[in-house]
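Participant: With chain V fixed as given, assemble chain S onto it according to the hints.
Protein chains in written order, with our numbering: chain V, 1 to 158; chain S, 159 to 587.
Note that these hints are calculated values from the structure, not bench results. There's no promise every hint is true.
[As the list claims (entries may be wrong)] Reference listing, derived: stretches of chain S covered by chain V, where coverage requires no fewer than 3 residues with Cβ under 8 Å from a Cβ of chain V:
(1) 191–202
(2) 426–437
(3) 476–487
We put the CB at the ideal spot given by N, CA and C, even for glycine.
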Amino acid sequence: MLASMKLVMAICRRVLLSIGGLACLLTLAACTSTPPPPALDLSLTRASPNNHFRITLIPPQGTTPIQQIHSWTVKVATPTGEPATKALVYMNGGMPEHGHGMPTRPAVTREIAPGTYLVEGVKFNMSGWWELLVAVQLGPASDVTTFNYIVPLPAHAK
Amino acid sequence: MRSLSKHLPGCLRTFCFALIAFPAVANAEVRWSDTELAILSSLRLSQLPPMPVDPSNTQENNPHAIALGKRLFFDPRLSRNGQVACATCHDPAKQFQDGRPRAVALGMTERRTMPLAGAGYSPWLFWDGRKDSLWSHALAPLEDALEHGGNRTRYAHLLKANYAEEYRAVFGALPDLAGMPQDAGPLGSELEKKAWDAMPAPAKQSVSRVFANLGKAIAAYVKTLRHSESRLDRFVDALLRRDRKAGEHLNDSEQAGLQIFIGKGQCVSCHNGPLFTDHFFHGTRVPPRDAASPDPGRSEGALMVQQDEFNCLGPFSDAKSAQCLELRHMSIYEPALRRAFKTPSLRGVAERAPYMHAGQFASLREVVRHYIAAPESVPVTTLRGHGHGSGSALLPVALSEAETNQLIDFLGTLSAPVVEVVPAQNPRR
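In isolation and in its complexed conformation, chain V is listed as follows:
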């Protein structure tokens, strides 16, 4: 199992390296007050690049916390919609505009329903545009899917 997870992480790293150069360019206008690129696809349900899986990210209910560890849920299904059970799932993220990763190392701790995985240890240290990467391996199929997510500023308290 450890070897399999290492493989998933290696897949992540390869994919991450391939887009790293452009991310450096994107850091040109980095600042929290700059809105994310207007055409950013914020869909939290996506087909994986090789169409092995259909993945849905479910953020915590309410306002996404900043500087607090919390959990997300990842639903993994086959292209025909069947839950992908007993898959190896890995999630991480970072800020392309700022050139840093997540301050924590999230981990899938259990499958809470068929094809639904609990990711604990998620933490955002600032608001803005985050990329979230989900690597999934099930049998011989493996894919890394990138999502965009905007962590909003805290609610405007009076």
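Facilitator: What follows is chain S alone, placed relative to chain V:
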């Protein structure tokens, strides 16, 4: 790659618009967009969440622990020469720091003394985050030969002789120390280490627990040290309630500097939230104090805290494993953590020269100039491990001399006294 590249023009467009729409000109009236107001709101001290509970120290809100910790904090007997207290470097008259480039106690340390107000909010302590609690943080200097230079049995004997009743009221009776060496500890001199090695394991365990409790009492006191509201907080409060007298709190130059801080200066990216810190670690290419042997920063600190016997998961912690979320989910091997240091709070920063982890910059002007000079040619270490060298989370910032002055003026509005805030009595959870 295509999906990312198509965003670049829009991103640049937004950046250019920001420069045109909000020119920072001295004495011009500063206008604030809704986005800027939302950022300003998030910076107010009133937006701080309640002080986080440290599950590894069940006594942190115990008033007896706070009182004991305060006495210990100022007691110079907690040192090899009887002249070094925590307060020697964490001077209450200087925001609980010492104003030196590097701390000086029994010797000179490698890094700058960090201030203590609001430290209870940080999941990681020290510049490299090698400690994951205030109590564990308090223990490190006590055993460091360059700082207090003491050892575990010496501290246990000292508590027995001078604080036995106060200790008992918080932690229960001190163990029997009869027959234990006066000076023994795992990090002391060769003689002290030898004496420590000769002690039976239960005795070592017992003394180490006393040592941990010493740290927990000091931590209970340190956790009461908080920031108070500054002119910035009063300005933003007034601005948000559309008070026409908001400008009485910040002058035009300070307001322009604030706009730079949250806008083109990019400062707020890392210095965010009410404490002006994201509590994380960033490489900003600050020149190392010793170029021949650069300080590894967080990349080493993460490994140290993982192996620390006084961490949240260790035998002296009061926490259950499930409560040690930060440690269990700690990011360790990220390339960006190499030579990265903790983002310090900027509250009170104008009174805390010199700056950076070894006091490399004597003034805020030098700090701002460093950020302006962040070289474009330097490869940026990204979350993807791209790039090489020490990497940097910094990007060039184009500021004129006038804008630099405004930014420095603004930083002066964050000054306010450090206060003690005693928590509501709830010693047991």
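Participant: For each hint, tell me whether it holds in the structure or not.
Facilitator: Right, here's what the structure says about each hint:
1. 191–202: Coverage by chain V holds here, the residue count being 7 at a Cβ distance below 8 Å.
2. 426–437: With 7 residues closer than 8 Å to chain V, the segment 426–437 of chain S meets the three-residue bar; holds.
3. 476–487: Check passed, 4 qualifying residues.
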